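On the provided structure of chain A, position chain B as indicated by the hints.
Quick mapping for you: the protein sequence lines, in order, are chains A and B. Position in the first sequence counted from 1, then plus 43, gives you the working numbering. Position in the second sequence counted from 1, then plus 305, gives you the working numbering.
Capping the alpha-carbon separation at 30 Å, the derived lysine-lysine pairs in DSS-like fashion look like this: (1) B:K841 / B:K621; (2) B:K1150 / A:K100; (3) A:K100 / B:K1165; (4) B:K1063 / B:K1075; (5) B:K917 / B:K790; (6) A:K100 / B:K383; (7) B:K1101 / B:K1165; (8) B:K1072 / B:K634; (9) B:K366 / B:K987.
Computed footprint of chain B on chain A; a stretch qualifies when at least three of its residues, placed anywhere within it, have a C-beta under 8 Å from a C-beta of chain B: (10) 49-63; (11) 70-80; (12) 85-96; (13) 106-113.
These aren't lab readings, by the way, just hints derived from the structure by calculation. All values derive from a computational prediction rather than experimental measurement. No residue lacks a Cβ here, since even glycine has one placed at the ideal position from N, Cα and C.
Here are the chains, one letter per residue:
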Amino acid sequence: MNISGILVITSPEHVDDVSRQLRALPGIDIHFTDNNTGRIVITQEAETISEEVNGLKHIRTIPHVILAEMSSHYFEEDREVLDAIPAELDDEALKQDNVPAYLNE
Amino acid sequence: MDLTRREFLKTSAATATATAAGISVPAAVLAESGKGDADIQWDKGVCRFCGTGCGIMVGTKDGRVVATKGDPDAPVNKGLNCIKGYFNGKIQYGQDRLTQPLMRMKDGKFDKNGKFQAVSWETAFDEMTRQFKKTYNEMGPAGVAVFGSGQYTIPEGYTMAKLMKAGFRSNNIDPNARHCMASAVVAFIQTFGIDEPAGNYDDIEHTDTVITWGANMAECHPILWARVSDRRLTNDNVKLVNLTTISNQTSDIADSEIVFKPGSDLAIQNYLMREIIKRNAVDHDFVKKHCVFATGPYDIGYGMRPTDKYAFEAEKDIQVKELRVTLDKHEAIAQRRKEGEVVEQKNTKKPVKHWMISFEEFKRGVEPYTLDFVAEVSKGDANESMDQYKAKLKALADLYADPKRKVTSFWTMGFNQHYRGSWVNEQIYALHLLLGKQAMPGNGAFSLTGQPSACGTAREVGTFAHRLPADMVVFNPKHRARSEKLWKLPANTLNPKVGSHITKIMRDLEDGSIKWAWVQVNNPFQATANANHWIKAARKMDNFLVVSDPYPTVSAKVADLILPTAMIFEKWGLYGNAERRTQAWRQQVAPPGEAMADVWQHLEFAKRFTLKEVWGEKTVPGLKAKGFEDGKLPDVLAEAQKMGYSPEDTLYDVLFATKDNLKVKWPDTAVAKGHGNHIAEKLGDGWFPEKALFNEYREFGVNFQHDLAEFDVYYGDKVRGLKWPVIDGKETQWRFNEKYDPYCAKGSGFDFYGKALKALPSGDLDKVTKKDKTSLAHKAKIFFRPYAAPPEQPDKNYDLWFSTGRVLEHWHTGTMTRRVPELHRAVPTAQLFMNPDDAEKRGLKRNDLVWIESRRGKIKALLETQGRNRPAPGYTFAAFFDEGVFVNKVCLDVTCPMSKEEDFKKAAIKVYKA
Chain A
44 MNISGILVIT
54 SPEHVDDVSR
64 QLRALPGIDI
74 HFTDNNTGRI
84 VITQEAETIS
94 EEVNGLKHIR
104 TIPHVILAEM
114 SSHYFEEDRE
124 VLDAIPAELD
134 DEALKQDNVP
144 AYLNE
Chain B
306 MDLTRREFLK
316 TSAATATATA
326 AGISVPAAVL
336 AESGKGDADI
346 QWDKGVCRFC
356 GTGCGIMVGT
366 KDGRVVATKG
376 DPDAPVNKGL
386 NCIKGYFNGK
396 IQYGQDRLTQ
406 PLMRMKDGKF
416 DKNGKFQAVS
426 WETAFDEMTR
436 QFKKTYNEMG
446 PAGVAVFGSG
456 QYTIPEGYTM
466 AKLMKAGFRS
476 NNIDPNARHC
486 MASAVVAFIQ
496 TFGIDEPAGN
506 YDDIEHTDTV
516 ITWGANMAEC
526 HPILWARVSD
536 RRLTNDNVKL
546 VNLTTISNQT
556 SDIADSEIVF
566 KPGSDLAIQN
576 YLMREIIKRN
586 AVDHDFVKKH
596 CVFATGPYDI
606 GYGMRPTDKY
616 AFEAEKDIQV
626 KELRVTLDKH
636 EAIAQRRKEG
646 EVVEQKNTKK
656 PVKHWMISFE
666 EFKRGVEPYT
676 LDFVAEVSKG
686 DANESMDQYK
696 AKLKALADLY
706 ADPKRKVTSF
716 WTMGFNQHYR
726 GSWVNEQIYA
736 LHLLLGKQAM
746 PGNGAFSLTG
756 QPSACGTARE
766 VGTFAHRLPA
776 DMVVFNPKHR
786 ARSEKLWKLP
796 ANTLNPKVGS
806 HITKIMRDLE
816 DGSIKWAWVQ
826 VNNPFQATAN
836 ANHWIKAARK
846 MDNFLVVSDP
856 YPTVSAKVAD
866 LILPTAMIFE
876 KWGLYGNAER
886 RTQAWRQQVA
896 PPGEAMADVW
906 QHLEFAKRFT
916 LKEVWGEKTV
926 PGLKAKGFED
936 GKLPDVLAEA
946 QKMGYSPEDT
956 LYDVLFATKD
966 NLKVKWPDTA
976 VAKGHGNHIA
986 EKLGDGWFPE
996 KALFNEYREF
1006 GVNFQHDLAE
1016 FDVYYGDKVR
1026 GLKWPVIDGK
1036 ETQWRFNEKY
1046 DPYCAKGSGF
1056 DFYGKALKAL
1066 PSGDLDKVTK
1076 KDKTSLAHKA
1086 KIFFRPYAAP
1096 PEQPDKNYDL
1106 WFSTGRVLEH
1116 WHTGTMTRRV
1126 PELHRAVPTA
1136 QLFMNPDDAE
1146 KRGLKRNDLV
1156 WIESRRGKIK
1166 ALLETQGRNR
1176 PAPGYTFAAF
1186 FDEGVFVNKV
1196 CLDVTCPMSK
1206 EEDFKKAAIK
1216 VYKA
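Only chain A is shown next, with the shape it has when bound in the complex (with noise of 0.2 Å):
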C-alpha cells in the first residue's frame, strides 16, 4: 500500500477542467486547489509502485496539466516478500561456475 501526495499545476483557467479528470482517476483525491496559482494537492492510493508511477505518468498526460510531481510518500504496511526481482539479477546468478552467460551472449 503506497499513499502519494501529489502536486498538480495547471494554468488557473484550466483548474476547474484538470480537477474533474483527475477525479475519475482511480484512488485519487483531491485535498486543496488554489486557484489563483493553478495549483492542485492530490493524493494518491495504490496497491502497488508500478500502479502509482503509471498513475503519475497518466496523470502528466491530462491535457493542460503542466507539472505533476510526488512530493510525500507512505509506504509503512509495505513489508510483504518483495518477489519482483528480474529473472537475471536473481541470486541463482551467483552460484554459477562463471559469469552468467547472457552477460557473455
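Below, chain B alone, put in the same frame as chain A:
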C-alpha cells in the same frame, strides 16, 4: 491498514505537499494531519540520487524507513520531490540485498574460477590483503587501482583517497564521475582556474531566459525543471529554448526546440559568438577588465588507445583516427584547411596546452561560422525546413545578444559526454563572458551534475587520478608539499605521476598492467562503454577484483570477492551538490546482516598494512617528475621515524586513528541526538570517524578558496546545507562577484581569482609565437575552439546514430531502482526508441525484438516508435539502466582527450529483427 489511519496518512501527505506548494492549509486540517505520522520519527536527509541535492525528510519506525517527504525547509526543492525521491525509503529493502561477504572458492580456498561462497569478513580481508600484497610487491603502486564514485559520501571519498595516495602512494583512484562531469571540470579549470559553478539554483528565479543544451531537465532534473516551469509560467517575458539531438520532454514547455546533429553544438556556439561580435553585443568593458582570449591545438585525437593491438577487427577503422584524421568538408571550413587533408594527431599527449590570442585572432577564428554554414552542419531533423531551422538559430542569437535580457544556460551529459566535451564546455563560458553575462544573479552558464556528490566528493575531495583535496593536483610540487604537511607525511611520500583514469583502469586490466582493483559505490562493468572488452578482462586475465556492493550488480558478478555494503541511511554522511551546497545526514537505521559501510571497509583494510610495507622505495613506470628522475618514489621510513612513526605502525594508526582524531569522541550526543553509528560502534576504540575525518579534510580548503564549515554546523537543526566558500559562518551565493564573494579583491567588481593555469605564452590561432609567459591573474579565458567531426558517424553498414542516457524512473545502472518491488514492470526493459519511418523502412514494428549492432558488440531490445523520446529520422536512443539490455556493449569508448570522459552519445549502429 484501517480506514482512519489511511485517512490520517492522506491528510498528512496532502498537507506536506500543500505546504511545499505554498498553499495555506486551514489550522484544523493542520492539527489533524499531525495524527497521521505521530509515531514516525523524522530527521533531515539528502536524496540519494541525482546531483540536484534535494532535501528530504526521512521517517523511521521500529528500525525501518517507512516514509519520506520533500523537506519544506530545503532551499533546493522547497518541499517538492520527484519520483526518485520516492525510492529513498525503498532501495535498501530489495530481496537480493547482499548481507555477507562472498568469495569465489574451490576446495575451501580462493579460486578465480570457483563459485561464490559466503565467507567471514576476516577471511575476505585476509584474501584481499594477500592478493594486494602479491601485486603491490611485484608491480608497485601502479599495479593496484580503485574505481571510486561521485556517490561516495565525503568521508568515504576522503578515506579512500588518503589510503591510496598517502598510504599506498598510488594515484590509480578514479571515480565514475569521470564519466559524468570531467569535461565540465576541465573547462572550469581552464577558464576560471578553479572548479565548480559561479552561480546557484536561484539563477532560475532571477533569469529571463533559460537555454538547455544537451540536458533533458524535465526527465533528469525534474525538481529544477519544476522551478524553471514555475518561472516560465508566472512571467510572460521568460523564454525557454531546448537544444537537443533527440526531441524530448524538456521541449514540452519550451518556446523553441532546436534539434541539431551530434557534435555540431561546437559550430552553433561559434555561430552565436560570431553574431554577438557582428551585432556589437560584446560587453567590451567586462571583457577588457576581466578576460583574455585563448586557443589550443586541434590535433588531439579522441582518447582511444594509440594501438589497435587490443581492438576487435571491426573497431580498427575507427581506432586509426587516434593517429591521423582526414578532414571532411565541414571540418575543413571550420578549421580553415582543405577538405581531404590528412592531419597527424600530434598533440594527443598534451591536449590541454593553450596560449593567449588577440581579440582580432578570435574574430578570425569564428568568421567561417556563418548562419548558412552552421545551419548546414547542424540541422538535425531531416523533416524540418532549412528556413525554419535558420530562423530558430537567429532567434537564439537574439535572446543571448539582447542586452536587457538575463540568460542562464544549463547543460549536462550532452556537453560533457562528448569527443570534444571540454571544448564545448569552454565555449559556453566564452559565450557568456563575451556578453558579460556570467557570475551574476540570473546570468551565467551553469553546469548541472548527475550524481549526488560528484562535486562534494569526487571533485572537492579529489578522488581523481590527478587530484588532491581543494583543487590541488599531484603533479604540482607545492600542492604535494602542502598535502604532505596537512596529512603529516614525510616529504616525497606522495606520488607525482598522474594515475590511470577510469577508462584507462579498464584498459590496464585488459593488458595486464593493473592486477588488483577495488570497486566502490559504482558499477563500472556495466557503466563503461565498449563493455565486452572489460568483462573479458575481469574474468580471463590474472587479476583480483573486489566489489563493494549492496546488490549483485554486473560488477559484483564479474568480481572475485564481493563485500556487502551499507546504503545511504544506514550510515552517516555528507554530499555536495551542483551548486556547491554541502549537506549532511545521520544514520537512520542499522545495515542488514553483516553489511558494513565503506568507511569501515577502508579503515579495516588499512589496519592490515604497516609503514614498512608501503613507505620503502617504490618503482613507478613512467615516473619522470623533477626530483624523481630515477623513476622511483624514495624510501621515506627514516624520515617517518624522525616524525615519531614506527615502521611497525599500521596505516590505520598513521592516517586515520591519529592522536588528534582519537580525541573526537563517539558517542557524541549533541550531534547524534539518539542516532547510532555502526562504524564507530564496530571499531570500538571510542572515536567518531566521520566527524574527525571531515574536520581534518576541511583544513585543506580553509583560507584556500574552498572553505567548508565544521562538521557540527551541517547537523544544526536549522541548517539545510551551505554553499561554499563558507566564511564567518556565511555561505557564498555568487562567486567571483564582489558583491557576494569575500574572496574578490576590493573594488574589482568581478574577480576570477582561481589560481590554476594563470600564466600563458601568446600566439595566433595556429601556434605559439611568443614563448614568454604573461600573467593573467584575476582573469577568465575566452577560448576559441573549432568544430571537429565525430570520429564515428553513420555509414552504409552502421547506418543509424545511437545515444544512451537515463529515464525518469530508473537511475544509472538500476542497481537501486530496479530493486524497488515491481517498479521494473513500469519500464520492464530498456527499449530502443526509433523514428517510425526508419522502423518501416526496415520492416520493423513497435514491440518487435531487434538486434542493435555496432562495431563493438550486439544486444537485443524491444523497439519503441512512440512515447517520450521522439528521434528524428536516422537517430535512436536506449537507456542504460537495464543490464539485460547491456547498452555499453554497443557504445564507443572514445573520450574527450582533455577530460578523458567517454562519449556515450555518438555511436553508429545497425538495427535488424532478432
